[in-house]
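2 protein chains.
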Amino acid sequence: MSLDRLIEKIEQTQNPTVAGLDPKLDYVPEYIREKCFEKYGETLKGAAKALLEFNKGLIDALCDIVPAVKPQAAYYEMYGPFGMKVLYKTQEYAREKGMYVITDGKRNDIGTTMEAYAAAHLGKVKVGAEEHEPFLGDALTVNGYLGSDGIKPLIKTCLKNDKGIFVLVKTSNPSSGELQDKLVDGMPIYEYMGKMCEKWGEELPGVYGYNGVGAVVGATYPEQIKRLREILPRTFFLIPGYGAQGATAKDIAAAFDKNGLGGIVNSSRGIMCAYQKEKCDEREYAMAARREALRMRDEIMSFIGKITAEQE
Amino acid sequence: MSLDRLIEKIEQTQNPTVAGLDPKLDYVPEYIREKCFEKYGETLKGAAKALLEFNKGLIDALCDIVPAVKPQAAYYEMYGPFGMKVLYKTQEYAREKGMYVITDGKRNDIGTTMEAYAAAHLGKVKVGAEEHEPFLGDALTVNGYLGSDGIKPLIKTCLKNDKGIFVLVKTSNPSSGELQDKLVDGMPIYEYMGKMCEKWGEELPGVYGYNGVGAVVGATYPEQIKRLREILPRTFFLIPGYGAQGATAKDIAAAFDKNGLGGIVNSSRGIMCAYQKEKCDEREYAMAARREALRMRDEIMSFIGKITAEQE
Numbered sequence: 083m084s085l086d087r088l089i090e091k092i093e094q095t096q097n098p099t100v101a102g103l104d105p106k107l108d109y110v111p112e113y114i115r116e117k118c119f120e121k122y123g124e125t126l127k128g129a130a131k132a133l134l135e136f137n138k139g140l141i142d143a144l145c146d147i148v149p150a151v152k153p154q155a156a157y158y159e160m161y162g163p164f165g166m167k168v169l170y171k172t173q174e175y176a177r178e179k180g181m182y183v184i185t186d187g188k189r190n191d192i193g194t195t196m197e198a199y200a201a202a203h204l205g206k207v208k209v210g211a212e213e214h215e216p217f218l219g220d221a222l223t224v225n226g227y228l229g230s231d232g233i234k235p236l237i238k239t240c241l242k243n244d245k246g247i248f249v250l251v252k253t254s255n256p257s258s259g260e261l262q263d264k265l266v267d268g269m270p271i272y273e274y275m276g277k278m279c280e281k282w283g284e285e286l287p288g289v290y291g292y293n294g295v296g297a298v299v300g301a302t303y304p305e306q307i308k309r310l311r312e313i314l315p316r317t318f319f320l321i322p323g324y325g326a327q328g329a330t331a332k333d334i335a336a337a338f339d340k341n342g343l344g345g346i347v348n349s350s351r352g353i354m355c356a357y358q359k360e361k362c363d364e365r366e367y368a369m370a371a372r373r374e375a376l377r378m379r380d381e382i383m384s385f386i387g388k389i390t391a392e393q394e
Numbered sequence: 083m084s085l086d087r088l089i090e091k092i093e094q095t096q097n098p099t100v101a102g103l104d105p106k107l108d109y110v111p112e113y114i115r116e117k118c119f120e121k122y123g124e125t126l127k128g129a130a131k132a133l134l135e136f137n138k139g140l141i142d143a144l145c146d147i148v149p150a151v152k153p154q155a156a157y158y159e160m161y162g163p164f165g166m167k168v169l170y171k172t173q174e175y176a177r178e179k180g181m182y183v184i185t186d187g188k189r190n191d192i193g194t195t196m197e198a199y200a201a202a203h204l205g206k207v208k209v210g211a212e213e214h215e216p217f218l219g220d221a222l223t224v225n226g227y228l229g230s231d232g233i234k235p236l237i238k239t240c241l242k243n244d245k246g247i248f249v250l251v252k253t254s255n256p257s258s259g260e261l262q263d264k265l266v267d268g269m270p271i272y273e274y275m276g277k278m279c280e281k282w283g284e285e286l287p288g289v290y291g292y293n294g295v296g297a298v299v300g301a302t303y304p305e306q307i308k309r310l311r312e313i314l315p316r317t318f319f320l321i322p323g324y325g326a327q328g329a330t331a332k333d334i335a336a337a338f339d340k341n342g343l344g345g346i347v348n349s350s351r352g353i354m355c356a357y358q359k360e361k362c363d364e365r366e367y368a369m370a371a372r373r374e375a376l377r378m379r380d381e382i383m384s385f386i387g388k389i390t391a392e393q394e
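Read top to bottom, the protein sequences are chains A and B.
Sequential numbering from 83 applies to the first sequence in our numbering.
Sequential numbering from 83 applies to the second sequence in our numbering.
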């Protein structure tokens with residue numbers, strides 16, 4: 083099962099973190115931008131090529147110490163079809179380097195349309211007699227507002243192609259409570275959504291105690307993390323909000339079980355822009371990212387202890 | 083304001099319907115598929131080219147009688163970057179033919195990431211000194227589960243570029259009630275979400291009584307349409323679920339006000355696959371689509387009466 087592979091990579095690296103690849107053009111060192119603009123002009127293609135080079139440098143510097151990357155689809159989509167090609171190329175490169183790829187797309191729809199998203203991001207698409215992989219994620223983030231009709235087509239695809247999903251449960255942003263904290267049936271909506279994840283996940287059981295339907299739970303809400311870990315014992319958490327959004331390692335410790343398993347913590351800007359924070363030469367951006375990734379790993383591991391993936 | 087332009091086109095054509103362009107490859111006539119596969123192989127590119135030719139035929143046949151098209155992003159994304167290029171080309175062709183373009187992407191995220199989606203679908207993207215439009219929608223469907231942090235970046239972009247959004251409120255699928263019908267603060271979640279739309283829309287006022295933040299309300303739930311029209315007097319509805327999903331013109335009549343305004347009804351499969359239902363020559367697929375679009379228009383108009391867009 084796909085999330086088992088993620089858990090194994092986390093154990094190998096002793097690092098429950100994922101590097102978010104949300105490459106705003108401003109984050110890309112000038113020397114890369116200039117090179118690509120010279121070759122392709124100040125075009126969407128030129129920008130997309132710059133993102134790819136930036137990403138490849140990051141992946142090279144991180145692949146032996148960080149188990150996974152999480153490209154955020156929006157930052158590729160904003161460069162049009164060229165950007166989407168770079169999303170593919172980034173996924174391909176990360177896969178070649180042995181990293182687990184979580185596509186952060188927050189996709190949602192119903193029935194055959196959700197099947198189309200599932201095929202796009204987690205499956206294969208048949209054209210005549212040939213099969214193709216449009217994009218190369220191991221897992222996809224999705225939004226469950228539409229209910230089971232939006233999730234079941236994904237589970238079918240996950241079963242067939244050994245993939246996983248993460249459903250938005252309690253997001254990291256300040257206004258997430260406007261809807262998610264409202265009470266339904268005596269519990270906040272995020273708990274209700276979390277319980278649906280736990281149920282949907284039964285169809286994708288894993289060997290380390292966690293199912294193939296994970297939950298997105300913001301690091302910025304430590305009490306909610308604690309509560310969700312209690313009531314969702316078999317749901318793995320994808321935890322955004324660490325670093326740039328203000329959450330610390332202490333805030334997320336409750337996501338993890340006695341084996342140090344249970345979640346993966348994302349950092350995007352903190353890693354991508356480490357060279358700006360360090361004020362080092364921009365040509366050292368990848369090494370600065372590595373230094374920050376190691377610092378983050380050590381900080382989080384100091385709250386978790388050794389990670390042991392033991393089959394149940 | 084963007085939705086005013088949609089309302090004007092609806093009045094011009096006396097037709098409150100939108101043709102959904104959700105082109106599954108199976109819907110594309112064989113002669114188009116074969117031609118494209120011969121030229122480009124049984125590849126994602128070959129499939130994407132076939133979709134584009136299919137779409138162009140539909141747009142040519144519909145552009146003088148139907149005010150808008152709604153390409154569903156999933157069916158383009160499933161053909162990878164080639165598919166996304168065809169999404170762009172479809173939007174471009176519909177725009178050239180004077181149609182209003184609603185991109186059905188149900189995108190959602192927060193802060194700068196939502197700004198990236200807004201730029202991708204409703205805005206412009208700066209690369210060096212140049213500005214580019216990655217995609218060409220007039221409006222975008224979005225998911226509000228994350229609260230105001232996910233919607234405000236869109237509104238900023240809508241104001242700047244004269245665009246609109248439609249937020250998922252009560253979706254047309256059988257399981258939409260799993261979450262959306264749950265009671266919060268004494269009302270179903272879809273009402274609560276609808277009220278947020280009405281509030282968000284205040285920042286995008288229109289001249290015909292409707293704001294620039296619309297709501298997606300499924301035709302399959304006529305009682306909920308009626309209730310939502312009552313409590314959301316300034317929110318325009320995008321209404322899926324007519325035809326293939328089982329709803330009839332009578333079911334959606336309550337969405338419309340005394341001027342025949344208030345919503346736009348989507349049909350995708352019914353129009354795209356009219357030639358299969360008619361069992362006519364597949365080379366007449368576009369004319370069959372036109373016949374079905376006219377039939378649908380007449381059926382819906384018989385419940386609404388003349389459409390009059392009068393400035394408030």
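Keep in mind the hints are simulated off the structure, nothing from the lab.
Model, not experiment: these values are computed from the prediction.
We treat Cβ as the ideally placed atom computed from N, Cα and C, and that holds for glycine.
Don't take every hint at face value.
Below are the DSS-like pairs computed for lysine-lysine, each with C-alpha atoms no more than 27 Å apart in a straight line [as the list claims (entries may be wrong)]: (1) B:K281 / A:K208; (2) A:K208 / B:K171; (3) A:K208 / B:K121; (4) B:K281 / A:K171; (5) A:K121 / B:K281; (6) A:K106 / B:K361; (7) A:K359 / B:K281; (8) B:K359 / A:K208; (9) B:K91 / A:K264; (10) B:K106 / A:K208; (11) A:K264 / B:K281; (12) B:K264 / A:K308.
Pairwise CB distance ranges, derived in the manner of DEER restraints [what the hints assert, rightly or not]: (13) B:K206 / A:E212: 48 to 56 Å; (14) A:E366 / B:G123: 19 to 27 Å; (15) B:D267 / A:T390: 27 to 35 Å; (16) B:I147 / A:G123: 35 to 43 Å; (17) B:P287 / A:Q393: 25 to 33 Å; (18) A:F385 / B:K121: 54 to 62 Å; (19) B:D339 / A:Y113: 56 to 64 Å; (20) A:G328 / B:E213: 28 to 36 Å; (21) A:E112 / B:D108: 23 to 31 Å; (22) A:D146 / B:G180: 33 to 41 Å; (23) A:G123 / B:K281: 51 to 59 Å; (24) A:Q393 / B:G193: 35 to 43 Å; (25) B:N243 / A:E112: 55 to 63 Å.
Verification of the hints:
1. B:K281 / A:K208: violated, 44 Å
2. A:K208 / B:K171: The hint holds at about 22 Å.
3. A:K208 / B:K121: holds, 17 Å
4. B:K281 / A:K171: Judged against 27 Å, a Cα distance of about 41 Å means the pair is violated.
5. A:K121 / B:K281: violated, 47 Å
6. A:K106 / B:K361: violated, 50 Å
7. A:K359 / B:K281: violated, 39 Å
8. B:K359 / A:K208: Cα-Cα ~24 Å, so holds.
9. B:K91 / A:K264: Measuring from Cα to Cα gives roughly 39 Å; hence the hint is violated.
10. B:K106 / A:K208: Answer holds: K106 (chain B) to K208 (chain A) is near 11 Å, not above 27 Å.
11. A:K264 / B:K281: With Cα atoms ~18 Å apart, K264 (chain A) and K281 (chain B) stay inside 27 Å; holds.
12. B:K264 / A:K308: Holds, because 24 Å separates the two Cα atoms, which is no more than 27 Å.
13. B:K206 / A:E212: 48 to 56 Å: violated, 37 Å
14. A:E366 / B:G123: 19 to 27 Å: Given range 19 to 27 Å: violated, Cβ gap about 44 Å.
15. B:D267 / A:T390: 27 to 35 Å: Cβ of D267 (chain B) to Cβ of T390 (chain A): about 45 Å, so the range 27 to 35 Å is violated.
16. B:I147 / A:G123: 35 to 43 Å: holds, 41 Å
17. B:P287 / A:Q393: 25 to 33 Å: violated, 60 Å
18. A:F385 / B:K121: 54 to 62 Å: holds, 58 Å
19. B:D339 / A:Y113: 56 to 64 Å: holds, 58 Å
20. A:G328 / B:E213: 28 to 36 Å: holds, 33 Å
21. A:E112 / B:D108: 23 to 31 Å: violated, 48 Å
22. A:D146 / B:G180: 33 to 41 Å: Given about 55 Å between the Cβ atoms, the range is violated.
23. A:G123 / B:K281: 51 to 59 Å: violated, 43 Å
24. A:Q393 / B:G193: 35 to 43 Å: holds, 40 Å
25. B:N243 / A:E112: 55 to 63 Å: violated, 28 Å
Hints 1, 4, 5, 6, 7, 9, 13, 14, 15, 17, 21, 22, 23, 25 from the earlier list are contradicted by this structure; the remaining hints agree with it.
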